[in-house]
Amino acid sequence: MVKGDAKPILKISDLINLEEDIKAINKLIKNSYEDVLLMYKHDKHVHLNSSLSCLPILAVLISKYIRRSENDIDRDWLILSKGHAAPALYAILAEVGVIPKSELPKINRIDSILQNHTDISTPSIDFSSGSLGQGISFAIGVATWIKRMGGKGRVFVIMGDGEQDEGQVWEAITHAASLKLNNLVVIVDWNNTQLDGVTNEIKPKHYIPLIWKIIGWKVLWASGRDIVSMIMAFDEILESDKPTVIFVQTSDVRKLLEAIASHGAH
Amino acid sequence: MALTSVQSFRDVLGELLVEIGNEDQNVVVITADVGKSTRAAKFGEVFKDRYYNVGISEQHMITFAAGLAAIGAKSVVVAYAAFIMRAWEQIRNSVARMNLNVKIIATHSGYSNYADGSSHQMLEDIALMRVIPNMNVVVPADVHDLRRCLKKLVIETRGPVYIRIGRDYSPPITFGIEYDCELGKAYLLRDGHDIAIMGSGVVLYEALQAAEELKKMGISVAVVNVLSVKPIDRETILNVAKKTGRVVTVEEHMVFGGVGSAIAEVLAQEYPVPMRILGSTTFGRSAKSHQELLEYFNLDKKAIVKAVLEVISHGNR
Numbered sequence: 001m002v003k004g005d006a007k008p009i010l011k012i013s014d015l016i017n018l019e020e021d022i023k024a025i026n027k028l029i030k031n032s033y034e035d036v037l038l039m040y041k042h043d044k045h046v047h048l049n050s051s052l053s054c055l056p057i058l059a060v061l062i063s064k065y066i067r068r069s070e071n072d073i074d075r076d077w078l079i080l081s082k083g084h085a086a087p088a089l090y091a092i093l094a095e096v097g098v099i100p101k102s103e104l105p106k107i108n109r110i111d112s113i114l115q116n117h118t119d120i121s122t123p124s125i126d127f128s129s130g131s132l133g134q135g136i137s138f139a140i141g142v143a144t145w146i147k148r149m150g151g152k153g154r155v156f157v158i159m160g161d162g163e164q165d166e167g168q169v170w171e172a173i174t175h176a177a178s179l180k181l182n183n184l185v186v187i188v189d190w191n192n193t194q195l196d197g198v199t200n201e202i203k204p205k206h207y208i209p210l211i212w213k214i215i216g217w218k219v220l221w222a223s224g225r226d227i228v229s230m231i232m233a234f235d236e237i238l239e240s241d242k243p244t245v246i247f248v249q250t251s252d253v254r255k256l257l258e259a260i261a262s263h264g265a266h
Numbered sequence: 001m002a003l004t005s006v007q008s009f010r011d012v013l014g015e016l017l018v019e020i021g022n023e024d025q026n027v028v029v030i031t032a033d034v035g036k037s038t039r040a041a042k043f044g045e046v047f048k049d050r051y052y053n054v055g056i057s058e059q060h061m062i063t064f065a066a067g068l069a070a071i072g073a074k075s076v077v078v079a080y081a082a083f084i085m086r087a088w089e090q091i092r093n094s095v096a097r098m099n100l101n102v103k104i105i106a107t108h109s110g111y112s113n114y115a116d117g118s119s120h121q122m123l124e125d126i127a128l129m130r131v132i133p134n135m136n137v138v139v140p141a142d143v144h145d146l147r148r149c150l151k152k153l154v155i156e157t158r159g160p161v162y163i164r165i166g167r168d169y170s171p172p173i174t175f176g177i178e179y180d181c182e183l184g185k186a187y188l189l190r191d192g193h194d195i196a197i198m199g200s201g202v203v204l205y206e207a208l209q210a211a212e213e214l215k216k217m218g219i220s221v222a223v224v225n226v227l228s229v230k231p232i233d234r235e236t237i238l239n240v241a242k243k244t245g246r247v248v249t250v251e252e253h254m255v256f257g258g259v260g261s262a263i264a265e266v267l268a269q270e271y272p273v274p275m276r277i278l279g280s281t282t283f284g285r286s287a288k289s290h291q292e293l294l295e296y297f298n299l300d301k302k303a304i305v306k307a308v309l310e311v312i313s314h315g316n317r
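The listed protein sequences correspond, in order, to chains A and B. Numbering-wise (the working numbering), the first sequence opens with residue 1 and increments by one. Numbering-wise (the working numbering), the second sequence opens with residue 1 and increments by one.
Don't take every hint at face value.
Derived, one-sided and incomplete: chain A residues facing chain B with beta-carbon distance under 10 Å [unchecked claim]:
| # | residue |
| --- | --- |
| 1 | Ile-79 |
| 2 | Ser-124 |
| 3 | Phe-127 |
| 4 | Gln-134 |
| 5 | Ile-140 |
| 6 | Val-219 |
If you are wondering where the hints come from, they were derived from the structure by calculation, not from laboratory data. For clarity, every value in this text was computed on a predicted model and none was experimentally measured. Glycine is no exception: its CB is placed at the ideal position from the N, C-alpha and C atoms.
With the hints as constraints, model all of the structure from the sequences given.
Okay, structure coming up:
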């Protein structure tokens, strides 16, 4: 469940809708999980585990929070800073009808619209990723312009826990805090894994949430296995007066995925 | 002050940024704790709400500028050339790959930061920028070139441009010569038929003086200002090379991958002529003036005259 600064803010009406929402999100997760496995079957270069760990986060965000608008300053932006999780995003975009499902098996083919890391040439992709630490800075630029122009848009950024090693993250988060960007939300996919192995064995990271907090971010926690905890965290950020980061514990998300897949979505 | 006197690149830059800010509300200026020393802060004094000093954070500065550009701003990054290179990969991955409207004004390039020495004297940047797809590279020879170019590049030109200038020292090179700044164009500063000196930046002042000296020896020298290094003006370079049959290039940059290399890429493939590439071959050092360094590293008038005479004698063999 939500820890940290979180306070339960669900309204009665939310509780009535909650069951329906969870049902829909579970169904989206089930279908997009199968899509990711399908992409992996067609190309083993797909980053399977990094994609799966953030699949529930993306499902909750896209189905319940991301608002669309023709106007760039009034719509929400989604920046996949950990761009190697692109297949998870493609799967969900296909399930919600933004890209054709028939494109998924073609991922990484020379003529495919789906690159192994997100690219702006793909419909509805906001940022060409692939190099870590840059999505957050890019998002701060977008959020800054939205605020300057008085737009309603919010900027959501998905980062990895390994990505926290990048020096640019420090440059970016200190700047965002000083700009008081309350339209900026970072979600850190805390899956305890980076390319060379277990994150804490490569470089300790337990202190990282404290650093975000102390420099001026609102810090929340949620569980990637628990849809309600993510919904509560996302609801809370909408009332923040500073930039918010949600650390989502995702190291055991596979269990949720397997459970949903084997029992079906009810 | 006469327009033909030596002027300061950064002082003119400060004035121009304010003019550009007045003309276009979407122009934003981003710097990394060098607002005062680059004069970017002049823009900040007038347009407080669209001037961003991100602190000593060059990588973030570039990607932040990319984000602003992606949603509609005309981003102008102003910082020292040497430390912008710290964000080369950000320029490649977050600016050039998305072909965003980010104009990077690199000040203190070449030997212009004479006192601060080798760490601050950027001599590799043209090569590093030129190699990136979508990136354009413009090297104003003097403040007059900067006046011709900057507004047009920032307000009207789509896509990323790297604009390379010095800290202060701007001797008169292009004053009184009529042309508009255009991407992809080189400009003839002086006509001649025996040999051509082609190059970019303040060393063209030395080239013009060398041409005067050589005239006294009966050698007719054309001088070409390669204002746009990328895209490069194949047509002008080929026309001048065909007329003169010999080329010496000069730049305040490494001889590897810079302006001379770009010219050689054109000539070697389309019209090979005897050629010499003058530039730097190693790191700079602290000195008392910009001109002293040009002399020390063989980029002054004397060195250019020597190179021209060598090419001419080789050509006659």
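**Prompt:** Which hints from the list above does the structure break, by number from lowest to highest?
**Reply:** Violated: hints 2 and 6.
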